[in-house]
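Chemist: The residues making up each chain are set out below.
Protein chains: 2
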Amino acid sequence: MQLASKRIHKGRVIDLDVDTVRFPDGSTGQLEMIRHPGAAAVLPFASDPHGADPTILFIKQYRYAVNGPLIEIPAGRLNPGEDPKDCARRELLEEVGVKAGRIERLTTIWTTPGFTDEKIHLFWASDLTTGKHAREPDEFIEVMPKPLSEALTLVRDGGISDAKTALSILFVAGFTLGH
Amino acid sequence: MQLASKRIHKGRVIDLDVDTVRFPDGSTGQLEMIRHPGAAAVLPFASDPHGADPTILFIKQYRYAVNGPLIEIPAGRLNPGEDPKDCARRELLEEVGVKAGRIERLTTIWTTPGFTDEKIHLFWASDLTTGKHAREPDEFIEVMPKPLSEALTLVRDGGISDAKTALSILFVAGFTLGH
Numbered sequence: 009m010q011l012a013s014k015r016i017h018k019g020r021v022i023d024l025d026v027d028t029v030r031f032p033d034g035s036t037g038q039l040e041m042i043r044h045p046g047a048a049a050v051l052p053f054a055s056d057p058h059g060a061d062p063t064i065l066f067i068k069q070y071r072y073a074v075n076g077p078l079i080e081i082p083a084g085r086l087n088p089g090e091d092p093k094d095c096a097r098r099e100l101l102e103e104v105g106v107k108a109g110r111i112e113r114l115t116t117i118w119t120t121p122g123f124t125d126e127k128i129h130l131f132w133a134s135d136l137t138t139g140k141h142a143r144e145p146d147e148f149i150e151v152m153p154k155p156l157s158e159a160l161t162l163v164r165d166g167g168i169s170d171a172k173t174a175l176s177i178l179f180v181a182g183f184t185l186g187h
Numbered sequence: 009m010q011l012a013s014k015r016i017h018k019g020r021v022i023d024l025d026v027d028t029v030r031f032p033d034g035s036t037g038q039l040e041m042i043r044h045p046g047a048a049a050v051l052p053f054a055s056d057p058h059g060a061d062p063t064i065l066f067i068k069q070y071r072y073a074v075n076g077p078l079i080e081i082p083a084g085r086l087n088p089g090e091d092p093k094d095c096a097r098r099e100l101l102e103e104v105g106v107k108a109g110r111i112e113r114l115t116t117i118w119t120t121p122g123f124t125d126e127k128i129h130l131f132w133a134s135d136l137t138t139g140k141h142a143r144e145p146d147e148f149i150e151v152m153p154k155p156l157s158e159a160l161t162l163v164r165d166g167g168i169s170d171a172k173t174a175l176s177i178l179f180v181a182g183f184t185l186g187h
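Sequence lines, in order, name chains L and Z. Take the first sequence: its position 1, counting from 1, is numbered 9 in this note's numbering, and each next residue is one higher. Take the second sequence: its position 151, counting from 1, is numbered 159 in this note's numbering, and each next residue is one higher.
Heads up, a few of these hints could be off.
Label pairs and their computed distance ranges (CB to CB) [said to hold, decoys possible]: (1) Z:17 x L:75: 16 to 24 Å; (2) L:17 x Z:30: 37 to 45 Å; (3) Z:88 x L:17: 19 to 27 Å; (4) Z:68 x L:137: 41 to 49 Å; (5) L:87 x Z:74: 38 to 46 Å.
Source of the hints: derived by calculation from the structure; they are not laboratory data. Backbone N, C-alpha and C fix where the C-beta goes; we use that ideal spot for every residue, glycine too.
Excised from the complex, chain L in its bound form (with noise of 0.2 Å):
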């Protein structure tokens, strides 16, 4: 239970906040918090979903925290008010650059809930039609397309690291299409 909370930084992607904190067994202590709107992500097919080995639209971006590049399937953070699938929507037009004519929910997962309460929601995406690109000026990506066979061995291998993709591949091999 959270009994006071100091904003120690208000940025431009997370706020953090040092809170000062009543835990179950009723003593207290003080935690860091890094706050996030959310986020939405999409795994999208560019054939058939349930054909054989279908092709999943990855990209490759920068990322500075790695310090190179990853693999991974379009996401961005939830405008303040935002329904998560018309988040995922348009993060796979700005990304992309496709429209998704079917978006299914996967499922919504803590990314690290030890520091933040980030929370992304996971869906897949598929009969794309082509739309018009709009990335925002800091993002570098480069679309990438995959069999599923073959994202499944770069998750496998250590290829796919990235938390939200390397899930969201099994999640759709183990359950959605039953592979």
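Given chain L, work out where chain Z should sit, using these hints.
Modeler: Frame of chain L; chain Z shown alone:
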């Protein structure tokens, strides 16, 4: 490329820097970056992992960020210079009270590379023997054994929503055990 870095907050778990960065196109900008030492997490099998529907020892843990409990696998921050596998063994003993006769690497994930350099090294463990708990004062943990089949259902239906935990379950089911 980093041009400058300003430490905004030096915390107990994480530090916050605001860095001035040169992007791949030569432009510059500022990025908030949560510095984290990295972590290890381990999915512990209480029965033969290659047997029928093996039992996994989860923990149910109060998470302030979530304002409630999460079902997770044991995990924790790396100590300075600590080998991730040693960290996984240590957290398994501290949080679940068991020693691992066998521990194997799954993969390494970036939890949320948009704003933190945190990566988590994932392992699975088996051949467990009873050890001595040593929980930290702000950890409120209940050990919760579940068969793999139930864990998979919980991932599918959202009852397991911690990213490292959901990913580790799908990873062992899909790759390690080949279910």
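Chemist: All hints are to be evaluated individually against the structure, with a verdict given for each.
Modeler: Now for the hints, and whether the structure bears them out:
1. Z:17 x L:75: 16 to 24 Å: Between residue 17 of chain Z and residue 75 of chain L, where Cβ atoms are some 22 Å apart, the hint holds.
2. L:17 x Z:30: 37 to 45 Å: violated, 23 Å
3. Z:88 x L:17: 19 to 27 Å: holds, 25 Å
4. Z:68 x L:137: 41 to 49 Å: This hint holds: roughly 44 Å between Cβ atoms.
5. L:87 x Z:74: 38 to 46 Å: Given about 23 Å between the Cβ atoms, the range is violated.
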